[in-house]
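Enquirer: Counting in the UniProt record's numbering, the sequence shown runs from 1 upward without gaps.
No wet-lab data here; the hints were simulated from the structure.
A quick note: this is a predicted structure, and the numbers were derived from the prediction, not measured.
Where hints are given, some of them may not hold.
Between beta-carbon pairs, the in silico distance windows are [to be verified]:
{"no.": "1", "residue 1": "13", "residue 2": "52", "range": "30 to 36 Å"}
{"no.": "2", "residue 1": "62", "residue 2": "101", "range": "20 to 26 Å"}
{"no.": "3", "residue 1": "11", "residue 2": "60", "range": "41 to 47 Å"}
{"no.": "4", "residue 1": "7", "residue 2": "55", "range": "20 to 26 Å"}
20 Å max Cα-Cα, derived PhoX-like pairs, lysine-lysine [as the list claims (entries may be wrong)]:
{"no.": "5", "residue 1": "7", "residue 2": "43"}
{"no.": "6", "residue 1": "86", "residue 2": "75"}
{"no.": "7", "residue 1": "43", "residue 2": "96"}
{"no.": "8", "residue 1": "66", "residue 2": "51"}
{"no.": "9", "residue 1": "43", "residue 2": "86"}
{"no.": "10", "residue 1": "86", "residue 2": "51"}
Where is the CB? At the ideal position from N, CA and C, for every residue including glycine.
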Amino acid sequence: MESEQPKMLKFRGQEYPCCASLTMGLIGGKWKTVILFHLMHEKLRYNELRKAMPTVTERTLSLQLKALEEDGLLKRKVYTSKPPLKVEYSLTDFGKTLIPLIQSIADWGDLVVEKYS
């Protein structure tokens, strides 16, 4: 008897073998979830994110912000009325659907420090 191939999930032109794979494809890696965490409750400028994440390199932060924006999780608003250029990052409505997940990840980190350190 042949086993049926699992159905691939498609999202924005990418294929994923399962729902967890899709989720991690969007928010996986060392910095994406941290960026989303800092943007959960407020808009931040690039330098404010840099200060909140002092160990991330500028290049990595820029690349991760761009990836999150391309995936529709962040919006980047540029204010050009007068120099210097001001850029603000915030969660899109789609990005806000991740708040319960990001909060759970943060809460788990707190639990680990409290109970398992």
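Enquirer: Compare the structure with each hint and give your call.
Expert: Going down the list of hints, with the structure as the test:
no.: 1; hint: 13 to 52: 30 to 36 Å; result: holds (32 Å)
no.: 2; hint: 62 to 101: 20 to 26 Å; result: holds (24 Å)
no.: 3; hint: 11 to 60: 41 to 47 Å; result: violated (24 Å)
no.: 4; hint: 7 to 55: 20 to 26 Å; result: violated (40 Å)
no.: 5; hint: 7 to 43; result: violated (38 Å)
no.: 6; hint: 86 to 75; result: holds (14 Å)
no.: 7; hint: 43 to 96; result: holds (12 Å)
no.: 8; hint: 66 to 51; result: holds (18 Å)
no.: 9; hint: 43 to 86; result: holds (12 Å)
no.: 10; hint: 86 to 51; result: holds (16 Å)
Violated hints, in rising order: 3, 4 and 5; the structure is consistent with all others.
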